[in-house]
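Undergrad: Taken in order, these protein sequences are the chains called E and R.
Residue numbering for the first sequence is 7 to 325, as defined by the working numbering.
Residue numbering for the second sequence is 5 to 266, as defined by the working numbering.
Among the hints, erroneous ones may be present.
[Claimed, not checked] BS3-like cross-link-like pairs, simulated, lysine-lysine; straight-line CA separation at most 30 Å: (1) R:K236 x R:K179; (2) R:K195 x E:K172; (3) R:K148 x E:K54; (4) E:K12 x E:K172; (5) E:K49 x R:K167; (6) E:K241 x R:K148; (7) R:K236 x E:K278; (8) R:K179 x E:K278; (9) E:K12 x E:K49; (10) E:K131 x R:K236; (11) E:K166 x R:K148; (12) E:K16 x E:K49.
These are calculated hints, taken from the structure and not from any lab test.
In this text, all values refer to a predicted model and were calculated from it rather than measured experimentally.
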Amino acid sequence: MNDMSKKKAKDKNKDYGTVAYYPGCALEGTGRAYDTSTRALAKQLGLKLDEVDNWNCCGAMEVKNIDPQIQTYLSSRVMSIAANEMGHQTVMAPCNGCYHNLKKAEYDLENNDESVEVTNRLSEKAGHQAYEAGQIETIHALDWIKQTIGEEGIKSRLKKSLKGLKIANYYGCMYTRPRHIFPEKDQGPGSESTSQPHFMDDLLEAAGAQIVDYPLKTACCGGAHTLSDSDTSTKLVVNLLQAAEASGANVIATECPTCHSGLEMHQIRAEKRYGIKTDVKVIYFTQLLGLAMGASHREVGIQENISDSLNLLQEAGLA
Amino acid sequence: MPIHEQNLIRPENIVTNENLEIDGIDVSGHWSTFIESRVVTDYNEAMEDEIAALPGGEYIHRCWQCGSCTNACTVNAVNEDFNPRFWIYLIRMGMESELLRDKDIIWQCVSCNKCTYACPRDVNPEGVMKATAHWLEKKGHTPKSPSMHFDEEFSSQVIATGKIEEGRIIRGFFKRTGQPLIQDWLLEMVKRLLRGLPAKMLIHMGLANFVRPRTRNWDRARRAIEEYVEEKEAQHAEALGLNKPGPGNRGLDVDLPKQAAE
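For reference, chain R alone in the conformation it holds in the complex:
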């Protein structure tokens, strides 16, 4: 399998003049094609340390740019702009504006851990992708990704009751992301599911909507986890310099008190 490299020449930097004469020679059209040079001046020297302070990003400094992660990557195979090696390079160089060009796809890592398996330096690129996606959100560069909404909905339920119930997760997720619950393919799935199901299971599934599955005597564990989440939140905010008021600075939305009261 080839290592997919990043194309450093961007289409918008290729300039061709339709009518151009230089020193009396007509160089109109493709004869005058230039590649405009890029100048990077705005290094963010704190970026690597900030991402390393978030869970998963701890070992980013070990990377020696072999590209095994990108080569093994599941998402890269369906979208060649998804390039962990290149992003790790940009982060380590502090090239923030370059990284921000790909800010809307970094969260799409599917956590298959093929990169972690392939990495010869134990960078844990999967963790770095998660840490980078969190960093982008915490810094206000991107809105909360659908994946983050899902993680928060899921974690809120686990923390509140010790268990999850999938129907509730799906409803909560669609609500958080403002999507309609009725989607053609979900309907078709439910239709096919109902086809062969015994009545006993239907009753069980119906009951799960009212009798929420929960771990008994979970309250103390719930409080302990909530305290821990708050403590970590404060640490991350400190590391990312988010304690100073500023636009877009925000923390996690794990709905702790609301869920607990329910």
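Chain E extracted, bound-state conformation:
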């Protein structure tokens, strides 16, 4: 890979209209609705998704606990295919876990000699070109919509306003922490904030929704221990759900399949185990934007959510 193409990957004025799409394992399983709605939204907005060929798991939150360098290798393989085999400058991951791990691998391959050595060695043994830091830019689905369409674009394309919805935007842990792997964040006006992220607020507000002031935007849902320490996860999720209701929200918008399914699962678990009932609906931000752009509730996979939001969406004239 020559320096010219590395420069291209970092160019902020480049075209994000076509990106390499890395759905990840969760979007083929419990997070299917996120995949469905991301593709439906891309179609509505005229953006092109080119799925990474023969991708592998990024390592999620688990492989790093066996060894962090394996996670770096796994993530680097995905970036290597997108950059070297498919010639992309940008890879877009809707899952916070995938996004985080690709960013972390990028940081480690830029700054950590051991990571470079292990990744090169494993790539060679596995028989593919090793990824070099700087070859591709990893963005989240939120960055992608913000960069290509933006608030003005959403407003001008608006088919159905989200005005009946009061939304608490939940970003989770992996989108902003730890700060050092997201060098493009906290760079002043226009950039994302790691302490008070706002891209989802901006886009959904542009789509007509009422955004509530939600203090737990980046609190943790306990997703890493959703099964191995369920009681802790349930406590954390109940906190998130009750805070959203106290903030006046009837919807929590999500941007991560682990958070999303964690909120849905522990909403039920809290009800079953502890008799704590909450009624706030959990919906992916891509589903909400898709509806606003004129897609039907089936096209964005509302029925694939466990959290049943159909009545609420019908009342709001969105389904």
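Dock chain R against the given chain E, drawing on the hints supplied.
TA: The following block gives chain R in isolation, referenced to the frame of chain E:
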């Protein structure tokens, strides 16, 4: 938000004598309350180095005990005994028996990285928690935690096929931890999920049980990762002095050959 400090006076060290007379003065009841002193004699001087040799623990020596990690901690907010700052202190001081008092909750770190975000010294407290939990298991102080079972099940599948399938992970995890697969809240979840699902997706989910999602031509990558895991295992065993035979010494259970044969 206050910094939650560790209470150094333990309830079992507060002693009150019901009937006590000293120099002819009756000091029965709360008049005779004493705090028994604690004496620490068994320093484990190797502990910090051993934990620093495990992934995540590398920067423990940077800690200057400001407490930002504990203050930011998600788990501390639901269980005040979960105290990363205090554990880092104990590890650096070599106070093993004190650390072992909390051995059964250290694995509960949820990896939210709020501590890493807050830490002014780049200690990576999240990594230190993981390294410490591994150290406790490798040294035989604790049984394998549910979290470790989950990580091993997950990693085994990724290494074997390049991808995971969530249903298989859940089944494998419950099997490893000896829990029944039928749990009231999981059933309720499946019930609500089935309510609105189109037949196409049900068929897809059913098929995933038989046609395992996998990355094509993964074999060479699998072997490369397996070799690497073995190499690291040997390094960690060496660093922790586990090569000498002893009770409780054990390595990771990533099921490499069995998974590969499947």
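Undergrad: All the hints need checking, so say for each whether the structure fits it.
TA: We went through each hint and held it up to the structure:
1. R:K236 x R:K179: Measuring from Cα to Cα gives roughly 27 Å; hence the hint holds.
2. R:K195 x E:K172: 28 Å, holds
3. R:K148 x E:K54: Roughly 46 Å between the alpha carbons, so the hint for K148 of chain R and K54 of chain E is violated.
4. E:K12 x E:K172: The hint is violated at about 42 Å.
5. E:K49 x R:K167: Measuring from Cα to Cα gives roughly 27 Å; hence the hint holds.
6. E:K241 x R:K148: With Cα atoms ~24 Å apart, K241 of chain E and K148 of chain R stay inside 30 Å; holds.
7. R:K236 x E:K278: 43 Å, violated
8. R:K179 x E:K278: Distance ~23 Å between K179 of chain R and K278 of chain E Cα, so the pair holds.
9. E:K12 x E:K49: Given pair K12 of chain E, K49 of chain E holds - Cα atoms ~29 Å apart, limit 30 Å.
10. E:K131 x R:K236: Since the Cα atoms of K131 of chain E and K236 of chain R sit roughly 17 Å apart, the hinted pair holds (cutoff 30 Å).
11. E:K166 x R:K148: 52 Å, violated
12. E:K16 x E:K49: Holds, at roughly 26 Å.
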